[in-house]
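S.K.: Sequence:
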Amino acid sequence: MLNTFIQEKDLIWIPYNQFKNVKYLNKGGFGTIYSAIWLRSDKDVEVALKCPNNLNENLEEFLNECDSHEKCLRSIRIIDLYGFTKNPDTLNYMLVMDYANKVIGY
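This note's numbering puts the first residue of the sequence shown at 92, with every later residue one more than the last.
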């Protein structure tokens with residue numbers, strides 16, 4: 092289900108080992124936010140990693156919400172959603188998005 096969503100939305104799967112300096116920022120009602128540096132081949136990019144609560148249990152519901160969120164963000168070009176990753180320690184999926192101070196209130 093997640094692989095299909097990634098392909099349909101032109102997102103990418105980003106291996107977790109491509110992130111460094113992962114730092115906890117905040118926890119809200121929807122989930123936990125971390126900042127990180129994404130080690131891309133062309134340049135390093137500061138990103139936000141969002142780990143939604145209960146994502147592994149409610150994946151279909153989450154993907155429906157993510158679809159709406161992604162359409163809105165792309166239409167007004169506020170924050171890009173790059174793709175997904177998975178923390179190998181917790182096995183939790185995470186969204187990889189542009190980092191902006193305004194996402195901290197998540």
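Keep in mind that the hints were calculated from the coordinates and are not lab data. Incorrect hints may have been included.
[To be verified] Here are the simulated lysine-lysine pairs, BS3-like style, with alpha carbons at most 27 Å apart:
1. 118 x 177
2. 134 x 111
3. 134 x 114
4. 177 x 111
5. 134 x 177
6. 162 x 118
7. 177 x 114
8. 177 x 162
Because the structure is a prediction, the values reported are computed rather than measured.
S.K.: Which of the numbered hints are not met once you compare them with the structure shown?
M.R.: none
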